[in-house]
Amino acid sequence: MAARDVRKNFNLFVDGKGYAGQVEEFTPPKLTLKTEEFRGGGMDGPIELTMGLEKLEASFSLIAYDREVLKHFDVREGAVLPLTLREALESFDGAVTPVVHSMRGKIREIDAGTVK
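The numbers in the sequence shown follow our numbering, run straight up by one, and end at 116.
Keep in mind the hints are simulated off the structure, nothing from the lab.
Given the structure is predicted, the values throughout are model-derived calculations rather than measurements.
Not one of these hints is a red herring.
Below, in silico cross-link-like pairs of lysine to aspartate or glutamate (DMTMM-like), each with a Cα-Cα straight-line distance of 25 Å or less:
(1) 55 - 24
(2) 34 - 44
(3) 106 - 25
(4) 55 - 25
(5) 71 - 15
(6) 34 - 48
(7) 116 - 24
(8) 17 - 68
(9) 17 - 111
(10) 8 - 24
(11) 71 - 111
(12) 106 - 54
Label-pair distances were calculated between CB atoms; the ranges are:
(13) 104 - 7: 21 to 29 Å
(14) 33 - 100: 20 to 28 Å
(15) 86 - 30: 14 to 22 Å
(16) 88 - 68: 21 to 29 Å
Ideal Cβ placement from N, Cα and C applies to all residues, glycine included.
Build out the structure end to end from the sequences listed, making use of the hints.
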């Protein structure tokens, strides 16, 4: 069976600057509920209480170094960077649905990879 929708044509914007054709991959944040075990008086067994979400992390890889992205590697607290990924979901009948991932955060790691 074919997929209902296919992800196509994505573009990453870092602080408003687009990187069309320069992004190898993007991993959106994984949504995971944060839970705590609770066992009150008179309960035979514990239950899971939802306490919000686990930390949200996204990652992306560019095909080359970019000074504009590197300058956002910042140690100051409170310095947040707007990141937006726009993509399209195309269905088997050609209908296109836009998808936008809007995030704010900081770049915590730069991995230069291996030079061969």
